[in-house]
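J.: So our numbering is basically just the index in the first sequence, starting at one, shifted up by 2.
Please note that the accuracy of each hint is not assured.
Computed spacing ranges between beta-carbons, pair by pair [said to hold, decoys possible]:
| no. | residue 1 | residue 2 | range |
| --- | --- | --- | --- |
| 1 | GLY60 | ALA193 | 34 to 42 angstroms |
| 2 | GLU112 | ILE176 | 30 to 38 angstroms |
| 3 | PRO182 | GLN35 | 19 to 27 angstroms |
| 4 | ALA115 | ARG9 | 32 to 40 angstroms |
| 5 | ARG58 | PRO120 | 33 to 41 angstroms |
| 6 | PHE4 | LYS141 | 19 to 27 angstroms |
| 7 | PRO122 | GLY82 | 34 to 42 angstroms |
| 8 | ALA63 | PRO122 | 32 to 40 angstroms |
| 9 | LEU109 | ASN177 | 34 to 42 angstroms |
Lysine-lysine pairs mimicking BS3-like chemistry, simulated, CA-CA at most 27 angstroms apart [what the hints assert, rightly or not]:
| no. | residue 1 | residue 2 |
| --- | --- | --- |
| 10 | LYS123 | LYS71 |
| 11 | LYS123 | LYS159 |
| 12 | LYS61 | LYS123 |
| 13 | LYS123 | LYS141 |
| 14 | LYS141 | LYS14 |
| 15 | LYS61 | LYS14 |
| 16 | LYS159 | LYS61 |
Please keep in mind that the hints were generated in silico from the structure rather than gathered at the bench.
Just so it is clear, CB atoms sit at the ideal spot from N, CA and C, and this is done for glycine as well.
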Amino acid sequence: MFTPLPRIFFQKSAVEVAPALLGKTLYMQEGNQQIAGIISECEAYQGERDLACHARAGKTARTLPMYGKAGHAYIYFTYGIHWMFNIVTDCINEPAAVLIRAIVPILGFEIIAERRAPQPKEVWTNGPAKVCQAFNIDKRFNQLDMCQPDSPIRICKGIAIPPEEILQSARIGINQTPEPWLSIPWRFYLAENSPCLSVI
DNA sequence: AGCACGATTAACT
DNA sequence: GTTAATCGTGCTC
3 MFTPLPRIFF
13 QKSAVEVAPA
23 LLGKTLYMQE
33 GNQQIAGIIS
43 ECEAYQGERD
53 LACHARAGKT
63 ARTLPMYGKA
73 GHAYIYFTYG
83 IHWMFNIVTD
93 CINEPAAVLI
103 RAIVPILGFE
113 IIAERRAPQP
123 KEVWTNGPAK
133 VCQAFNIDKR
143 FNQLDMCQPD
153 SPIRICKGIA
163 IPPEEILQSA
173 RIGINQTPEP
183 WLSIPWRFYL
193 AENSPCLSVI
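Generate the whole structure from the sequences, applying the supplied hints.
T.: This is the structure in structure tokens:
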């Protein structure tokens, strides 16, 4: 149970990995605490040419994880308050990552409720920073290899998603980005979980 | 050494 | 619809 997906699953472009991540399980184990949820929304950021991707400025201290091994975590801090959780994909030296924007909780409801209080369960994990708050993800886990069987964060088998239930749109929150990157439909989300999607 | 800003959220009017 | 919260990062001087 909660066996991590093999690295080869992540060794493709972010645009290929992102839709494949929908329906998979995000699992977190710290001490005897377990939390898990089904990934319902994510976004692909691919390469230095993608002007919405942090790697547009090249290799820096912050973007280094994206140039590393697929299956590792890329976690960054933004707006002075929030953490964002990404999964690195593609080859070494090809910066690519998938931002996890929303999950549907399946395990650890009490812990999530405590961390997300006083918010109602409908908005517990429908946003990238909310997922990090619920799972207690921060820089401690940056560059973590999530393909190890004892990793505190793992991406595991989940539920099968028929292709017709996967919807696409432009990515959120990148309003200063020029075209075509502003409009390219690299946000992937599940139709059936619309109440669990991030707030736009 | 200083500065502008961000792959957001929650609590306002 | 608007705005405060709040600080690491990367760029410029």
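J.: All the hints need checking, so say for each whether the structure fits it.
T.: Evaluated hints:
The beta-carbon spacing between GLY60 and ALA193, approximately 37 angstroms, falls within the hinted interval of 34 to 42 angstroms. Take GLU112 and ILE176: their Cβ atoms lie about 35 angstroms apart, and the range 30 to 38 angstroms holds. Between PRO182 and GLN35 the beta carbons are some 43 angstroms apart, a value that contradicts the proposed interval 19 to 27 angstroms. For ALA115 and ARG9, the Cβ-Cβ distance of about 34 angstroms falls inside the hinted range of 32 to 40 angstroms, so the restraint holds.
Judged by the Cβ atoms, the range 33 to 41 angstroms given for ARG58 and PRO120 holds: they are separated by roughly 38 angstroms. The hinted range of 19 to 27 angstroms is satisfied by PHE4 and LYS141, whose Cβ atoms lie roughly 24 angstroms apart. Hint check: PRO122 to GLY82, Cβ distance near 26 angstroms, so the stated range 34 to 42 angstroms is violated. Look at ALA63 against PRO122: about 38 angstroms separates their beta carbons, and that is inside 32 to 40 angstroms.
For LEU109 and ASN177, the hinted distance range of 34 to 42 angstroms is satisfied, since their beta carbons lie about 35 angstroms from each other. This hinted pair does not check out: LYS123 and LYS71 have alpha carbons roughly 35 angstroms apart, beyond 27 angstroms. A threshold of 27 angstroms between alpha carbons decides the hint, and for LYS123 with LYS159 the separation of about 24 angstroms falls inside it, so the pair holds. For the suggested pair LYS61 and LYS123, the alpha carbons sit about 39 angstroms apart, so the restraint of at most 27 angstroms is broken.
At most 27 angstroms may separate the alpha-carbon atoms for a hinted pair to count; LYS123 and LYS141 meet this at roughly 25 angstroms. About 25 angstroms separates the Cα atoms of LYS141 and LYS14, which keeps this hinted pair within 27 angstroms; it holds. Taken as a hint, the LYS61 and LYS14 pair is honoured in the structure, with Cα atoms around 20 angstroms apart against an allowance of 27 angstroms. Proposed proximity of LYS159 and LYS61 is contradicted: the alpha carbons are some 32 angstroms apart, above 27 angstroms.
Hints 3, 7, 10, 12, 16 from the list above are not met by this structure, while the remaining hints are.
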